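For the record, the sequence lines run as chains P and C.
Letter by letter, the first sequence follows residues 7 to 414 of the numbering used here.
Letter by letter, the second sequence follows residues 7 to 414 of the numbering used here.
Since the hints were derived computationally from the structure, they do not count as laboratory data.
Only a predicted model underlies this, so the values are computations on that prediction, with no experimental measurement involved.
Accuracy of the hints is not assured; some may be wrong.
Where chains are identical, the list cannot tell them apart; a pair therefore holds if satisfied intra-copy or between any two copies.
Here are the computed lysine-lysine pairs in the BS3-like style, where the Cα-Cα straight-line distance is at most 30 angstroms [as the list claims (entries may be wrong)]:
{"#": "1", "residue 1": "Lys275", "residue 2": "Lys323"}
{"#": "2", "residue 1": "Lys218", "residue 2": "Lys67"}
{"#": "3", "residue 1": "Lys397", "residue 2": "Lys218"}
{"#": "4", "residue 1": "Lys64", "residue 2": "Lys369"}
{"#": "5", "residue 1": "Lys242", "residue 2": "Lys93"}
{"#": "6", "residue 1": "Lys275", "residue 2": "Lys89"}
{"#": "7", "residue 1": "Lys296", "residue 2": "Lys397"}
{"#": "8", "residue 1": "Lys175", "residue 2": "Lys397"}
{"#": "9", "residue 1": "Lys89", "residue 2": "Lys270"}
{"#": "10", "residue 1": "Lys64", "residue 2": "Lys242"}
{"#": "11", "residue 1": "Lys323", "residue 2": "Lys296"}
{"#": "12", "residue 1": "Lys60", "residue 2": "Lys107"}
{"#": "13", "residue 1": "Lys175", "residue 2": "Lys185"}
{"#": "14", "residue 1": "Lys79", "residue 2": "Lys93"}
{"#": "15", "residue 1": "Lys397", "residue 2": "Lys275"}
{"#": "16", "residue 1": "Lys369", "residue 2": "Lys218"}
{"#": "17", "residue 1": "Lys107", "residue 2": "Lys369"}
{"#": "18", "residue 1": "Lys296", "residue 2": "Lys100"}
Single-letter residue listing:
Protein chains: 2
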Amino acid sequence: MYGEIIAVGEEVLAGDVINSNAATISRMLSEIGVSCRFHSVVGDSIEDITNQLKSAVKRSKVVVLCGGLGPTKDDLTKDAVAKFLNKELVEDSKLIEEINKWYNHRGLTPTPNNYRQGMMIEGGISLVNDNGTAPGVYIVAEGCHLFLLPGPPNELNPMMVDSVIPIIKPLVSSIIRSKTYKLVNIGESSAVTVLDDIMEACEDFIVAPYAKLREVHIKVTAIGEDANFLSQRIAKVDSIIYERLGEYVYSDNGDELIDVIISKLAADKMTVCTAESCTGGLIASSFVEKSGASSVYNEGFITYSNESKVRNLHVDKDLLDNYGAVSAEVAKAMAKGALELTGVDYSISVTGIAGPTGGSDEKPVGLVYIGIGTPSNMYVYEHRFLGNRDKVRDQAAKHALIHLWDLL
Amino acid sequence: MYGEIIAVGEEVLAGDVINSNAATISRMLSEIGVSCRFHSVVGDSIEDITNQLKSAVKRSKVVVLCGGLGPTKDDLTKDAVAKFLNKELVEDSKLIEEINKWYNHRGLTPTPNNYRQGMMIEGGISLVNDNGTAPGVYIVAEGCHLFLLPGPPNELNPMMVDSVIPIIKPLVSSIIRSKTYKLVNIGESSAVTVLDDIMEACEDFIVAPYAKLREVHIKVTAIGEDANFLSQRIAKVDSIIYERLGEYVYSDNGDELIDVIISKLAADKMTVCTAESCTGGLIASSFVEKSGASSVYNEGFITYSNESKVRNLHVDKDLLDNYGAVSAEVAKAMAKGALELTGVDYSISVTGIAGPTGGSDEKPVGLVYIGIGTPSNMYVYEHRFLGNRDKVRDQAAKHALIHLWDLL
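Work the whole structure out from these sequences, hints included.
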């Protein structure tokens, strides 16, 4: 079964917004066996939307339109779909009531514009949006399942999960099983070389590598109609991957590196803290982002200036004077200070030159020292990362987690 | 002049890779007056690529295809374009030489596959790729300028700057001038209501609102052939927007809120520090992300546990016992502690319940207190944010910056 995505919005066409919705929708549809063959983006124009719909409903069984359901006059997706289907837009009293409720609840008065969101395409079913004022629409036309969803990802994503997938899933006969292995400490070409034979002989499964920031993901996909058979195929590839690359695999169930680290620390009843200079809260945030992180992560320090390294982490001022803030000695002292001051089991410290300024011949932009304090020892790692400020910081934060994972 | 982008690649269709190239290309083209009306993504299939090309060359003067120029058998963009144009792929001796040089330089031997990248479409001009092995292609057909670029952004971006833009720029007669106003403390529909008249009467300019996280952006675009006239149009809209909405505008030159805050603090020779609980480093990171932040931001604390609030920020234990960690009193004490301990001029504190667990009837998920310490006073703000953990944290971090901006 083929799917297709039409994003509507001048801001996407102008390049002001990256069309991440298409990736989200494709991934969710592919998990239930619907492959997308086309994505497109069109402007807020009835003509462009209807033209795109003409091709879409011919070649695809599921068409998801996203964006253009807002309250303003340039939000035209509903108008365009109604026109394409030769249907009217009619006032939906239940939706109008919802709008009144939403605004009353917030002590606000709806503007006439807001009531545009209470109009429904004749014969359409409205889809609940718990995170915004634009309801979605589901309508079947010429055997094609059309979905209209709002553009903001925090509204669209739950509506995909709660409405689109439950409606489409029962209609799909072929099944897709996939598993993604996430690896660190190995490059894409090395991983690919080792798996060359199974990547070639891919009659009933696909093995595809993707290079990510300091990681390689290997996605194995099997497509067919017999769930048991598919599971067997995956299991076979699974044993090959673990046999050849097992030492690099940190997860095969969707977990990110930070999830694996939190689980491992929690299982061992261990805690960790952070002391960050150039990463400035990136590592802390990757912990706190996870609900339940508080069992392993309770505090951290951002010590960007020398003064704060001395005051908050008790780094010896002589070390800063003799070796400079970006040095193995200071990284170690930061990790040690954090460990001792907080009483945790593990500490992570980062000090480096993220650029674009601040580099020298001896200490170039990209030079980063990562310290890891453990119950038994202090470790320091030197890195020379390439790329701009963001890239250096992201790589430093990721590598700090990789070092911690290696030691756990 | 209209442009169009066709991305080629199964990994994009499957949702494993987000199509950020389309945004990059659109933005660069729009800066020189080429508006994109369509983006599409198709798979590695000659039929799908040629079908898309058929519509594209009819409606667009510039078509950029990206992806599918790699060395493997499923890289088919060049083959598809050749077929579409009824041309042959011919060996290009200069490209073959480059390939040999590239591999020899690295002590490697090219595989037969690698030589696929030495094939050129008859009549095409090869475009230099300094960051990879796939050269680009430029070819004019039926009055349409076709560009084939490799998919990896670090290869594509410089080729847009060095090849595509210099070729297209001289052909463009119309000019686009645009300006984006960034507003806080006002919702999209209220802003739109105030600007209704100029959004209607848009013969020679377009006023388009975009809702962002706790912000509204209003983009004004004027298109024409006379630069002076366009500047006048923009200036006229500019005065209207400032007259009606000026108090909400924090930037009109592309700066983000954090940039404006850093500039303002730097101009006043003031410094700021952060004390974060549920945002856990998000605010710190938004400062440190900016090169040159060190003149205003030097340190921060992540105090997720009560214990660390007491130890690192000297929050009175009685306050925690009497009011709970998520309370106006504790937010104030955190801001005060941070201010006094570090000696900065401003401090930001956040304590809240990001969820999904930890909420109660009295203190639901989404309840967040933000404290701002200033040279003369302590301020506390209570918020009840909606959404999941990420959304609550993002809104809290953004609102903390908004409060600081309000006070500066």
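| field | Homomeric proximity label, Lys175 with Lys185: Cα distance no greater than 30 angstroms | value | within (19 angstroms within a copy, 45 angstroms between copies)
| Intra- versus inter-subunit Cα pairing at 30 angstroms for Lys275 with Lys89 | Classified as neither: same-chain Cα gap 61 angstroms, cross-chain 59 angstroms, threshold 30 angstroms.
| Which holds for Lys242 with Lys93 at a C-alpha limit of 30 angstroms: within a copy, between copies, both or neither? | This pair counts as neither: shortest intra-copy Cα distance 51 angstroms, inter-copy 41 angstroms.
| task | If the cutoff is 30 angstroms on CA atoms, where do Lys369 and Lys218 land: within, between, both or neither? Let me know, please. | result | Cα proximity of Lys369 and Lys218: one copy only (27 angstroms, versus 39 angstroms across).
| request: Classify it for me, Lys296 with Lys100: is the Cα-Cα distance of at most 30 angstroms met within a copy, between copies, both or neither? | output: neither (37 angstroms within a copy, 48 angstroms between copies)
| field | Copy assignment of Lys107 with Lys369, given that the CA separation must stay at most 30 angstroms | value | This pair counts as between: shortest inter-copy Cα distance 23 angstroms, intra-copy 60 angstroms.
| field | Same-copy or cross-copy closeness of Lys397 to Lys218 [CA-CA at most 30 angstroms] | value | both (12 angstroms within a copy, 24 angstroms between copies)
| field | Alpha-carbon proximity between Lys296 and Lys397, which holds within one copy, between copies, both or neither at 30 angstroms | value | both (22 angstroms within a copy, 12 angstroms between copies)
| message | Within, between, both or neither: how does the pair Lys218, Lys67 come out at a Cα-Cα threshold of 30 angstroms? | response | Neither, since 32 angstroms and 32 angstroms both go past 30 angstroms.
| message | One pair to classify: Lys64 and Lys242, alpha carbons no more than 30 angstroms apart. Within, between, both, or neither? | response | Result: close neither inside a copy nor across copies, 36 angstroms intra and 47 angstroms inter.
| Is it within, between, both, or neither for Lys397 and Lys275, if the alpha carbons may be no more than 30 angstroms apart? | Between copies, since 29 angstroms is at most 30 angstroms while 33 angstroms is not.
| Alpha-carbon proximity between Lys89 and Lys270, which holds within one copy, between copies, both or neither at 30 angstroms | neither (56 angstroms within a copy, 51 angstroms between copies)
The structure shown violates the earlier hints numbered 2, 4, 5, 6, 9, 10, 12, 18.
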